[in-house]
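Undergrad: Residue numbers (my numbering), protein chains in the order written: chain A, 24 to 322; chain B, 3 to 459; chain C, 2 to 365.
If a hint is listed, it holds; no wrong ones were tucked in.
Lysine to any residue pairs mimicking SDA-like chemistry, simulated, CA-CA at most 25 Å apart: (1) K242/B <-> A142/C; (2) K139/C <-> L101/C; (3) K111/A <-> G118/C; (4) K84/B <-> G173/C; (5) K140/C <-> V304/A; (6) K85/C <-> E243/B; (7) K139/C <-> A285/A.
No lab work stands behind these hints, which were simulated from the structure alone.
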Amino acid sequence: MERLLQYVFDGLSLGSIYALLALGLVVVFRGTGHLNFAQGEMAMICTFFTWQFHAWGLPLVVSVLLGMVAGFVLGAGVEVSLIRRVAKKSEAGVFVVSIAMFLGFNSLAGMIWGNLPPEEMPSLFPDEPDDFVRIFGAVWRYEYIGIMIVALLLMGLLFLLFAKTKFGLAMRAVASNPESARLVGIPTGVVLAASWGIAAAMGALSGAMVGGLAGELTSLLMFTPFIYASASATLGGFDSPGGAVIAGLLIGVGEQLAAGYAPGWIGQELRLGVALVTIFVVLLFKPSGLFGSTKVERV
Amino acid sequence: MKRTSTRVFALAMASALTIAACGGDDEGSSSTEAPAASEAPSTEAPSTDAPSTEAPAAGWAVNTDDCVDPDAANAPIEGTIKIGSAMPLSGGPAATAFAPVKDGFEAYIQWANENKILGDLTIEVQIEDDQYNKDLTPGAVEKLLDADTNVFAGIIGTPNNTAVKDLLNEECYPQLNALTGSPSFGNAEEYPWTTGLLIPYTTEAKAYAALIADQFPAGAKVALFTVNNEFGQVYAEAFKEIAPEFNIELVDEQTIEATDAAPPTAQVNSIASNAPDAILAVPLGAGCATFLGEVANAKAANAGWNPAIFMTATCSSPLILGLAGPAADGIYTANNLVDILDPEVAAQPAVAEYIAFMEGLGKGDIITTAAAGWHTAEVTVLTLKAALESEAGLTRASIINAARAFNQATTFTRPGITLKMNGVDDQYMSESLQVIQYNATTKLFTDIGELITDFES
Amino acid sequence: MMKINHGSPQHWALRTLGVALIALIIVWVPTQMSTSRIGQFSDAFVLIIAAMSLNLVLGFTGQISIGHSAFFGIGGYTAAILIKDHGWSPGYTFYAAAALAFVVGCLIALPALRIKGIYLALVTLAVAVLFPTLVKWKKLAWLTDGAKGIDSVRYDELPVWPILGELKGRDGRAVFAYWLAFVLLVVTYLVCRGLVKSRFGRSLVAIRDNETAAAVMGVNLTVTKVLVFGVSAALCALAGVLSTLRTGVITPEGQYVTLLGSIVFLLIMVVGGAGTLWGPIVGGLVYVWLDNTTRGFGSESDGVGGFLFGWSDQSPATLILGLALVIIMFVAPYGLVGLIKRLWVKVVVVVPKPAGTSLPTTGQ
Chain A
24 MERLLQYVFD GLSLGSIYAL LALGLVVVFR GTGHLNFAQG EMAMICTFFT WQFHAWGLPL
84 VVSVLLGMVA GFVLGAGVEV SLIRRVAKKS EAGVFVVSIA MFLGFNSLAG MIWGNLPPEE
144 MPSLFPDEPD DFVRIFGAVW RYEYIGIMIV ALLLMGLLFL LFAKTKFGLA MRAVASNPES
204 ARLVGIPTGV VLAASWGIAA AMGALSGAMV GGLAGELTSL LMFTPFIYAS ASATLGGFDS
264 PGGAVIAGLL IGVGEQLAAG YAPGWIGQEL RLGVALVTIF VVLLFKPSGL FGSTKVERV
Chain B
3 MKRTSTRVFA LAMASALTIA ACGGDDEGSS STEAPAASEA PSTEAPSTDA PSTEAPAAGW
63 AVNTDDCVDP DAANAPIEGT IKIGSAMPLS GGPAATAFAP VKDGFEAYIQ WANENKILGD
123 LTIEVQIEDD QYNKDLTPGA VEKLLDADTN VFAGIIGTPN NTAVKDLLNE ECYPQLNALT
183 GSPSFGNAEE YPWTTGLLIP YTTEAKAYAA LIADQFPAGA KVALFTVNNE FGQVYAEAFK
243 EIAPEFNIEL VDEQTIEATD AAPPTAQVNS IASNAPDAIL AVPLGAGCAT FLGEVANAKA
303 ANAGWNPAIF MTATCSSPLI LGLAGPAADG IYTANNLVDI LDPEVAAQPA VAEYIAFMEG
363 LGKGDIITTA AAGWHTAEVT VLTLKAALES EAGLTRASII NAARAFNQAT TFTRPGITLK
423 MNGVDDQYMS ESLQVIQYNA TTKLFTDIGE LITDFES
Chain C
2 MMKINHGSPQ HWALRTLGVA LIALIIVWVP TQMSTSRIGQ FSDAFVLIIA AMSLNLVLGF
62 TGQISIGHSA FFGIGGYTAA ILIKDHGWSP GYTFYAAAAL AFVVGCLIAL PALRIKGIYL
122 ALVTLAVAVL FPTLVKWKKL AWLTDGAKGI DSVRYDELPV WPILGELKGR DGRAVFAYWL
182 AFVLLVVTYL VCRGLVKSRF GRSLVAIRDN ETAAAVMGVN LTVTKVLVFG VSAALCALAG
242 VLSTLRTGVI TPEGQYVTLL GSIVFLLIMV VGGAGTLWGP IVGGLVYVWL DNTTRGFGSE
302 SDGVGGFLFG WSDQSPATLI LGLALVIIMF VAPYGLVGLI KRLWVKVVVV VPKPAGTSLP
362 TTGQ
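Chain A on its own, in the form it takes in the complex (with noise of 0.2 Å):
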């Protein structure tokens, strides 16, 4: 029982990390129909930054708020100067220059930061070895909980952007029909632009409690943490946030399960194939996902 609620406490708590990148992914896709296949190196180079700031001498929780920000203006700026533009001339475009992105943000972080000795990231919550609750015998570190606080608030602050304010519903009708969203006078450059921003900001957010956990940063932090996101995403829908977080927290839970109950067979090995096996059979057999929804082509 207790080895089995360890389980459940440690999923949830990666799985909400996975789950606010796969919002990230969400967000993009529901905005403007595009994958980012760069969503993780992103959040990596916005977390060398927060690592940045709180190196100047900067608070914490400034840094990352400020890394936040800096994400925000990362992810506007790429929508506005390059996807946009590809956008226009083909849709696999996009694609390839995602990917050139993810390449070109890795190798960037490795240059400018590279050189120095790996980065000693502390972590927004206290992260002494003390620093836990046993509940029913299973140990949750409030390192643990906080994240997946942290995480809840501010998926819960995006629901409530999307479903009570103007700018969210401007945002849904950008996504469900740009055309008419543009004739009603929405300003569908700003909402694009600021749907990739959101998502980086939320990336640089997962960036920076991924980092804190792990205690130091490299610039392959976000590589599988991004997998885990797209299963999560693929799981849960690509037009679902709400998919996705369900599916980042099912995903999270899983693989932990999987891993100790199956040590000969996944173990921790296999914990990665966990999330791949899950995109191979969901997009095989409902590639909606459990709550996204299916899309109908005009021929």
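Got chain A; can you put chains B and C on it based on the hints?
TA: Relative to the frame of chain A, chains B and C by itself:
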């Protein structure tokens, strides 16, 4: 039109693949046996003699008859000797950790030239960047071969050295002091031109196993934690092989991906649930610190569990352990070189000269990692010196012969340790080591037990 | 701008000149250049073969795949295992690897038929990431040797080919690898060309442009997609075998065995010109040249490179490639080949024969 082009490509395909198929070993047997990685190469019969300083056996000499160009392998090297190497200078965490090795290496060569260690012979060095990527090492080595390199030394990385050892052995170029501890680099019969410099992982594992058996004479429960790549795998295999000898029961085996930056919480929790008496950890680079952090967490959550932690010598840099803070206190590791941060050591004349020289070059901040490069270069140049003074003079063949007869202490070796090889009887340079324990407050190491020289052949 | 008639003597002269030029370069490299340069060309050929295989699936059929690194790896591992563990002669491993990859490719394609666009990209992403993970899996270590990889995979004795004579040592190996790679490149090119210019090729393009319309017009989507995926996988596996023979080692973290490899193949294809036969060739050569030149940048070099990138010790190679890709997308959406064609047309135009006439009109 379609017919003709179909015919053409069918014909081309058939002929091309037939020609390709003609290649290869017609005898059918795989004549290149895999250099045994998991089987211990020719036995290291533990000798009970103290390392002797008598003249090395004149027995072993490399056979140059099978070389592609035997004359070149035996041709005298005059005027300048060129040393080549491939190290990770860019491209990620490996470069961050190991790039200073290059600085140390080049600094020693400069020092050696200034002090005329090889008399009138000038030493040139060219170090290429292979980004710790074994796909790039052959290209780097080819480039160096085209640039008239005479000898290779200090290539970093097990996969990197493995990638070029066939090439260098076929062409008969010495591949000295490979910076790897993989046991497959002590194979004078199949790869006579290749030698390794680091303590073999098998030896290190044995030393730890012996210490564990000492502390837990009734039999110990041990858990393994390794990085899931060639380095970690070789280490794990070495330990698993000797564990039964020391009455050690392996209760858990966990791995972590080299690219996974997330802390190994699940792995450590699994280990903790088995409550081993000791953990042998082989993480990579910065992973050393995250692992220790997780163990600290697990210890807090499991009151009463306080395992002895043994870490691979590659983690033993104060820089890396410093990242773990108090969590690194009390860990065991091993080394055969001195700790140059220790003020007593730094005061010794040769060490002080090194530090001063590096500071003169403006590289005073990297003296810890650069020392590995200086050390490697020193062993290489001393080998060259022995070859120069040998009967055959300085030739590629005499260099490797001298390497396999090396028997000296160097600037950084611990007192009581000599680096020694002897033909096929002693195929590893560094078999003596000292188990040390880290003190997180003082950031220094203390020696545990005696210098272990049992493994010297 | 010169106008030449198709089939006229000037046209033939131009073609012969082109072929002669290429032949000259092909022969000049292994005979006149240094061994390491020859090696670079061999590496370029390997990449080109892989990019051409991807081109079949992505460029011509419009199916996004970033999973080809898995096929590359399958090829390499098949060869390594057969040569090391079973003593096969390296030449035959090409066949085995291609056959195995073909089967695997078809198996993957079958269920992936209904998936399109980014979803297909995700499936292939999963394949690409799953391959190295599986290779390292403890349960398969008996086969793959786990994370260690397999080494010493090489020709024990180089075969004696006509004209080349006896080849020895690393120089010999380099030249042999070069010619082997070149031969495979030609084979791959002919296979691709044959496929593309045939009826099968036209159905590929039809699928790319509009699947539903293609189906309506009688194209058997299932068979076509599965076949092209299988062939593409087989060709990519050939590249994998070649690469393993050249470097002698294969590991699960190898250059082109991980997801990064798939991305590089994609890059080359797009930069060169997707959907064209020569695109991957141009792209591959440019990439290898760029990679080798930029690797020297960083704190060590002078000039423009040093100025732009001297502040960092890291190699800016990948960054430059990423930038190059983005620029290409804007400036030359049909890749370098498209660009070259557009420029070439300003110099020489080949006027096709008017349909229905039997007498060629003479030029000016």
